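Novice: Sequence:
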Amino acid sequence: MGLFTKKPIGELQAEADRGVLRRSLGPWNLTALGIGCIIGTGIFVLTGTAASQNAGPALVFSMILSASGCAFAGLCYAEFAAMVPVAGSARTPTHMRRSARSSRGSSAGI
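Numbering of the sequence shown is given in the working numbering, commencing with residue 4 and proceeding in unit increments.
No wet-lab data here; the hints were simulated from the structure.
Predicted model, so just to flag it, every value in this text is computed and none were measured.
By construction, the Cβ of each residue, glycine as well, lies at the ideal position given by its N, Cα and C atoms.
Treat the hints with care, since some could be wrong.
[What the hints assert, rightly or not] Pair by pair, the computed Cβ-Cβ distance ranges are: (1) Arg21 with Ala76: 27 to 35 Å; (2) Ala58 with Thr8: 41 to 49 Å; (3) Ala35 with Phe64: 35 to 43 Å; (4) Ser27 with Ala54: 34 to 42 Å; (5) Leu78 with Phe47: 20 to 28 Å; (6) Phe64 with Ile12: 42 to 50 Å; (7) Ser27 with Cys79: 21 to 29 Å; (8) Gly72 with Gly45: 40 to 48 Å; (9) Ala76 with Leu49: 18 to 26 Å; (10) Asp20 with Gln56: 48 to 56 Å; (11) Ile42 with Phe7: 31 to 39 Å; (12) Glu14 with Ile41: 37 to 45 Å; (13) Cys40 with Val89: 43 to 51 Å; (14) Gly43 with Ser71: 34 to 42 Å.
Based on the sequences and whatever the hints tell you, model everything.
Specialist: See the structure below:
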């Protein structure tokens, strides 16, 4: 599959109807993912510790600002998920290709 490959909705639904999940991560990938999670957690803990000891009251405002940004990102993902009629990952809407007929005349929009 290329970088700019698009799938028609019918093909996405056919894959979902088959219901077969294939294993795509091997032992090395899972090990690297675990090590990355441990290192990433350590970085976030150190950043939070430094911020709590050295930052002033602006830390609360920055947390509120970042929480609102996360909420808006969650709403964007929810909108993308509502557009696709099958379950999938966050990149499923980017692989979807609408046909010209369904985007113009259908009340469902997809």
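Novice: If a hint holds in the structure, say so; if it does not, say that too.
Specialist: Cross-check of the supplied hints:
1. Arg21 with Ala76: 27 to 35 Å: With a Cβ separation near 31 Å, Arg21 and Ala76 satisfy 27 to 35 Å, so the hint holds.
2. Ala58 with Thr8: 41 to 49 Å: Once the Cβ atoms are compared, 45 Å apart, the range 41 to 49 Å for Thr8 and Ala58 holds.
3. Ala35 with Phe64: 35 to 43 Å: holds (36 Å)
4. Ser27 with Ala54: 34 to 42 Å: holds (37 Å)
5. Leu78 with Phe47: 20 to 28 Å: Given about 24 Å between the Cβ atoms, the range holds.
6. Phe64 with Ile12: 42 to 50 Å: With a Cβ separation near 43 Å, Phe64 and Ile12 satisfy 42 to 50 Å, so the hint holds.
7. Ser27 with Cys79: 21 to 29 Å: holds (25 Å)
8. Gly72 with Gly45: 40 to 48 Å: violated (24 Å)
9. Ala76 with Leu49: 18 to 26 Å: holds (24 Å)
10. Asp20 with Gln56: 48 to 56 Å: holds (55 Å)
11. Ile42 with Phe7: 31 to 39 Å: Distance hint for Ile42, Phe7 holds at roughly 32 Å.
12. Glu14 with Ile41: 37 to 45 Å: At 38 Å between Cβs, range holds.
13. Cys40 with Val89: 43 to 51 Å: Between Cys40 and Val89, where Cβ atoms are some 28 Å apart, the hint is violated.
14. Gly43 with Ser71: 34 to 42 Å: About 23 Å separates the Cβ atoms of Gly43 and Ser71, which means 34 to 42 Å is violated.
Hint compliance for this structure: hints 8, 13 and 14 are not met, and every other hint is.
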